[in-house]
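Let's have the full structure, built from the sequences with the hints guiding it.
There are 4 protein chains.
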Amino acid sequence: MKSEKRFSSAMCAFQNTSDRYVTGGYKEPITMKEMINSTKSIPDLEGVELVEGWNVTNDNLEEIKDLLAEANLKTSMIIPELFTTKKWAKGSLSSNDPKIREDAKQVIRNAVDMAKKLDCDMIDIWLGQDGWDYCFTQDYIKAWDRIVEGLTEVADYDKSVKIAIEYKIKEPRVNMHVGTVGKVLLLLQEVNRENFGAVLDLGHALAAYENCAQSIALLKRFGDKLFHVHFNDNYRLWDDDLMACSVHTIEYIELLYWLEKTNYNGWYSLDVFPYREDGVKVANESFEWIKALIGVVKKMGMSKIEEVIAMDDATEAMALIRKALFSTSNGGLL
Amino acid sequence: MKSEKRFSSAMCAFQNTSDRYVTGGYKEPITMKEMINSTKSIPDLEGVELVEGWNVTNDNLEEIKDLLAEANLKTSMIIPELFTTKKWAKGSLSSNDPKIREDAKQVIRNAVDMAKKLDCDMIDIWLGQDGWDYCFTQDYIKAWDRIVEGLTEVADYDKSVKIAIEYKIKEPRVNMHVGTVGKVLLLLQEVNRENFGAVLDLGHALAAYENCAQSIALLKRFGDKLFHVHFNDNYRLWDDDLMACSVHTIEYIELLYWLEKTNYNGWYSLDVFPYREDGVKVANESFEWIKALIGVVKKMGMSKIEEVIAMDDATEAMALIRKALFSTSNGGLL
Amino acid sequence: MKSEKRFSSAMCAFQNTSDRYVTGGYKEPITMKEMINSTKSIPDLEGVELVEGWNVTNDNLEEIKDLLAEANLKTSMIIPELFTTKKWAKGSLSSNDPKIREDAKQVIRNAVDMAKKLDCDMIDIWLGQDGWDYCFTQDYIKAWDRIVEGLTEVADYDKSVKIAIEYKIKEPRVNMHVGTVGKVLLLLQEVNRENFGAVLDLGHALAAYENCAQSIALLKRFGDKLFHVHFNDNYRLWDDDLMACSVHTIEYIELLYWLEKTNYNGWYSLDVFPYREDGVKVANESFEWIKALIGVVKKMGMSKIEEVIAMDDATEAMALIRKALFSTSNGGLL
Amino acid sequence: MKSEKRFSSAMCAFQNTSDRYVTGGYKEPITMKEMINSTKSIPDLEGVELVEGWNVTNDNLEEIKDLLAEANLKTSMIIPELFTTKKWAKGSLSSNDPKIREDAKQVIRNAVDMAKKLDCDMIDIWLGQDGWDYCFTQDYIKAWDRIVEGLTEVADYDKSVKIAIEYKIKEPRVNMHVGTVGKVLLLLQEVNRENFGAVLDLGHALAAYENCAQSIALLKRFGDKLFHVHFNDNYRLWDDDLMACSVHTIEYIELLYWLEKTNYNGWYSLDVFPYREDGVKVANESFEWIKALIGVVKKMGMSKIEEVIAMDDATEAMALIRKALFSTSNGGLL
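Chains as they are written, first to last, in our numbering: chain Y, 1 to 334; chain B, 1 to 334; chain P, 1 to 334; chain U, 1 to 334.
Wrong hints could be hidden among the right ones.
In this list, chains with the same sequence are indistinguishable; a pair is considered to hold if it fits within one copy or across any two.
Pairs of lysine to any residue, SDA-like flavour, derived with a Cα cap of 20 Å [to be verified]:
1. LYS225 <-> ASP139
2. LYS86 <-> GLY24
3. LYS281 <-> ASP119
4. LYS86 <-> ASP19
5. LYS299 <-> SER41
6. LYS220 <-> ASP145
7. LYS304 <-> ILE141
8. LYS291 <-> GLU46
9. LYS291 <-> ALA324
10. LYS291 <-> LYS323
11. LYS33 <-> TRP54
12. LYS281 <-> ALA310
13. LYS220 <-> ILE141
14. LYS105 <-> GLU190
15. LYS225 <-> GLN189
16. LYS86 <-> TYR21
17. LYS74 <-> MET32
18. LYS159 <-> LEU188
19. LYS5 <-> ASN192
20. LYS87 <-> PRO29
21. LYS299 <-> SER327
22. LYS304 <-> ASN263
23. LYS281 <-> PRO29
24. LYS74 <-> LEU61
25. LYS142 <-> TRP54
26. LYS304 <-> LEU67
27. LYS159 <-> ASN195
28. LYS323 <-> MET311
None of these hints come from the bench; they were simulated from the model.
Laid out in structure tokens, this is it:
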């Protein structure tokens, strides 16, 4: 087992997050400088994801770069802004309007350039507005064609930067085109570029009734395409973006094992929305939980786990987890 | 069957609605004057619901009153602002902070006063922020005690105004205290005031895996407590706040029957969030659908429906709906 | 904290369970004698729940009593057979047919008698067939009236036996009348007998998007009505009846705390369907997990938990759980 | 629009269906002869699907063939028995046991032979037992490899028979390997045989939070792979297998349009479980609804629909449906 993970977080963990009711946000407005400064008390944090438009623009890029350097933070990923302005309300790459599609490609290319300027090797394309809310509003085939076409076109813009597609089944659209692990893999196979892969957002997988471990396994199997992982948690019906490990302990242990088994060596990056909590505390607590559960995997033992999986026996599996989780320290309690 | 319904809408149908990504809204900013003017092209609209704080304040109340009069609109309901400012982030009536609880009661009493000034006989208490996102953050008993205590205290403030509690299972909190029809009825029984009842938001019921018709029936059975209905639709897992009747046709027909059967005579009021649609068109289309489906109920016939229900035979039920829905006009098509 | 729990299990844990595809069951047929014998290797097991008709009948009651005595097992609960024969296909207590309703009451009274003969002080009424699958097949008000009427009638049959109502939102019916904690409490308040209370099946609560801890709290608050708890787990959308604690660790810790806090002193009883697993192993592993998680609650400390809850701070809550769960034994792992 | 559809049904519509509680079934036992006879009062029925093992075996094949001929019924599809006996409890093609995998392949090949003997050109492989219920019981990669390997091996057995894979997200396993439209397409692309395609069960798609119309569109786009459609309905969280069109009217209209648009010319086949209803009535009512909704599509008009879709305007879409659905016959009602 690799002893070192690289921990990162999207900036939304530290922002003044709002929802559709409290439109002004649940906290006070905060500047990028303040946010970056606040992360200094997160010892595990090595990188941050930046949403272009929200967190970084062509105008403030140099300033952000300096602030990050000063805080000793890398840029783990750049997320082109295809979902935070009304312009994309009815889609970006899949829009019926060719001008909008062109703009989307330009935003993506610009994000690639930004990434390089920030010494970052990956961008995350999340087609959050590309979907539908009502029947009879989409030509599903044309929409898919356009998504493939757009991605193929940006694919070769700069092969030194990885492009990772993030899937999500719903929200902000009631349905999204690239909604599941199966659909993202279809897309990757069709675009078929080495620098094209996927972001697995654990909460998105849970909300699609996926088992995260299987999603990791399939992304491995179909071309080693897991480029990045977003950590968070939810109650399975919605992308609640809660603190990592705050709901699904057993499934978290299993998915951490599969990250090891498949030799995932990308970032362990938070994507959480702590509307009412202190973002720094949420990040620290999330990292502590992730590390503790990696510890449980270690105690279970990679080869012992493989043995137990081969038995296909749920009681053996639960016993193995239990013994690692409670070990000696709890043994005498009852 | 009553031949006349009174149609209303919450103002969110006409607002510049935002979500957690497009925080500035999917449309252009719009004034109350513009919104009220826009409703003039909704022939069925007789009333509007106003969220105190969002739509009306003590300061602009007279102006709003004049605008509504000029547009020939009644105020169907006032909704005290207990969910749109960061102040209520960790609850209003159930807050751990006695000062916040006191403020919430004051907001409610003020909303009662506003209602009277606007010749409106009902306020809607939606405890949208009273809930929890994580385990071990709530004393569920104390929270319930406080909600009962707060409501009981405001109950007698002015018996000439009805107070209707709106339940919802989730959003903005991951879990809300007053989440289901059963829980709202427990609350109504404990507070036990004649002017206390419930708002049924159809989408909230669907998202709680309720059958809206049963919810209407239970609200009737336990003291005739259905004071107001919010019309909208969703895909069952989230409060998507779509146009009325855009997803659940059969269930809509059944619930419209139950509104008739239980002699509901309150407003048929929209609560929709047309992020990407024209709000006026959404309202018009919603009313057209509701009227058309009431027409289907009428064609089925109240006594014939009762007969079929008594048979407890799904094929008879589906045949009755089918014959009323497709009638002669489709009969020869295939 | 009480140091001793009483552990029990429904017999389905040891039966040859089937589903709608493998109608003959996933295991070999097994007799009650064999099942009871098999439980001898479950050291924690003190009691068993018996479904009348499935597990015990008037005819074999004496034989079963002897077998249980020989195995040193108590009868924790008798479950009248209102859901395993085609007779109840369209309801038992809520049936449109007065003869069926009468038969259901007789089955309940007989179960009360059986319970006494088996030195058992509680029966569990689960109205599994009382619901609906399609719109326009139920008069929801009449159905509720009949359920109340039937329960009231059996309530006074023998006040020395507790009658506990088990709620469930769906399956085998697509919708069930007594579906949620709110609805069961409405029922208990209306029947209003001291010997009437509720069974909380944790999986049923999860499948209704309830937080089990809140359900426990409300059952306490409204008259101390939690008579019995069924332990199992699921993935939140269906009553999967998996091994206890196999999915929801954090929520399990919280609910175990609430059982302590509310002084629940009934059985900790399994209701699991190990289609493909060894039932004895499933029971043993379930009990080991429950005990281990009670150990975690103990380590967290009742008063410390209360303190943290009062803070309404999710990071404090998660830190408290984490420190108790991983304690010294994992501290040095990473 | 094609004026003629071919209607079929799986035999489960007419069987004595059971669930995990009423293990003996909700109706009386019934023979194949009786079932086939009963279908004579379903005028639209032209074909039946037969589950090998349940409905037809090598032993009774000739007898069944004669019965079908006498009833003037074609065999629309043969479904190899990979999910109704305990043998497959832990998987068929993905089993850890090579002997089981070999047996599964043999069952499939035998089903191909049976199909030909019954003048049927398609079999349906539903890997209902190939999945998992608990974490740490599956090597997800190996399982997928084995499924691909098994299917590839049977693919070339007889190219004159189509092999259609049916996907489902859950039940009888809590999770199934081939769970979504995306995953089935990945499988089809890898096996890559002309006679390999998919069965779309509408209820399975709904239970996976898919939009059926999009699923149809994607199956078209990726190689014209929609071989067969199962009609039924549900409340979105489970495969309730209700009568077709009994819940989702609008979505049904959209999917029927997409079947036309993509030139689907396979069977319109029921897969319903009428536990408590008369199966013949359920089939008749289902076909009447499907025909009536096809009539609505016809009234909307294929080119007008295309125009409206291109507008991406939900109010236009709902107006178009409304006008076709209620047309003149309801227009004057309110």
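Consistency of the hints with the structure:
For a Cα distance limit of 20 Å, the shortest separation of LYS225 from ASP139 across copies, 18 Å, qualifies, whereas the shortest one inside one copy, 28 Å, does not. Taking the shortest alpha-carbon separations for LYS86 and GLY24, both the intra-copy value of 17 Å and the inter-copy value of 8 Å come in at or below 20 Å. Taking identical chains as interchangeable, the C-alpha atoms of LYS281 and ASP119 are never at most 20 Å apart, the minima being 28 Å within one chain and 49 Å between chains. Taking the shortest alpha-carbon separations for LYS86 and ASP19, both the intra-copy value of 16 Å and the inter-copy value of 11 Å come in at or below 20 Å.
Neither within a single protomer nor between protomers do LYS299 and SER41 lie at most 20 Å apart by alpha-carbon distance, with minima of 29 Å and 28 Å respectively. In the homo-oligomer, the alpha carbons of LYS220 and ASP145 lie at most 20 Å apart only across protomers (12 Å), although the nearest pairing inside one protomer, at 25 Å, exceeds that limit. Proximity of LYS304 and ILE141 under a CA criterion of 20 Å is satisfied inter-copy only: 18 Å between copies versus 46 Å inside one chain copy. In this assembly of identical chains, the alpha carbons of LYS291 and GLU46 lie at most 20 Å apart only when taken from the same copy (15 Å versus 39 Å across copies).
In this assembly of identical chains, LYS291 and ALA324 lie within 20 Å of each other by CA distance both inside one copy and across copies; the values are 14 Å within and 15 Å between. For the identical chains of this complex, LYS291 and LYS323 are neighbours both inside a copy (18 Å) and across copies (13 Å), given an alpha-carbon limit of 20 Å. In this assembly of identical chains, LYS33 and TRP54 lie within 20 Å of each other by CA distance solely inside one copy; the values are 13 Å within and 32 Å between copies. Within a single copy, LYS281 and ALA310 get their C-alpha atoms only as close as 39 Å, which misses the 20 Å cut-off; across copies the closest is 18 Å, which meets it.
In this assembly of identical chains, LYS220 and ILE141 lie within 20 Å of each other by CA distance solely across copies; the values are 8 Å between and 27 Å within a copy. Proximity of LYS105 and GLU190 under a CA criterion of 20 Å is satisfied intra-copy only: 18 Å inside one chain copy versus 30 Å between copies. For the identical chains of this complex, LYS225 and GLN189 are neighbours both inside a copy (10 Å) and across copies (17 Å), given an alpha-carbon limit of 20 Å. In this homomeric assembly, LYS86 and TYR21 come within 20 Å of each other (Cα to Cα) both inside a single copy, at 18 Å, and across copies, at 10 Å.
Within a single copy, LYS74 and MET32 get their C-alpha atoms as close as 15 Å, which meets the 20 Å cut-off; across copies the closest is 46 Å, which misses it. With identical chains, the CA atoms of LYS159 and LEU188 are at most 20 Å apart within one copy only, with a shortest distance of 15 Å there and 30 Å across copies. Within a single copy, LYS5 and ASN192 get their C-alpha atoms no closer than 29 Å, and across copies no closer than 39 Å, so neither meets the 20 Å cut-off. Proximity of LYS87 and PRO29 under a CA criterion of 20 Å is satisfied inter-copy only: 15 Å between copies versus 24 Å inside one chain copy.
For a Cα distance limit of 20 Å, the shortest separation of LYS299 from SER327 qualifies both inside one copy, at 9 Å, and across copies, at 14 Å. Only within a single protomer do LYS304 and ASN263 lie at most 20 Å apart by alpha-carbon distance; the minimum there is 17 Å, versus 40 Å between protomers. Within a single copy, LYS281 and PRO29 get their C-alpha atoms as close as 18 Å, which meets the 20 Å cut-off; across copies the closest is 36 Å, which misses it. In this assembly of identical chains, the alpha carbons of LYS74 and LEU61 lie at most 20 Å apart only when taken from the same copy (14 Å versus 52 Å across copies).
Proximity of LYS142 and TRP54 under a CA criterion of 20 Å is satisfied in neither setting, with 30 Å inside one chain copy and 40 Å between copies. With identical chains, the CA atoms of LYS304 and LEU67 are never at most 20 Å apart, being 45 Å at best within one copy and 40 Å at best between copies. For the homomeric pair LYS159 and ASN195, the shortest alpha-carbon distance inside one copy (6 Å) is at most 20 Å, but the shortest distance between copies (38 Å) is not. Proximity of LYS323 to MET311 under the C-alpha cut-off of 20 Å is restricted to the intra-copy arrangement: shortest distance 17 Å within a copy versus 32 Å between copies.
Hints 3, 5, 19, 25 and 26, counting from the list given before, are not met by this structure.
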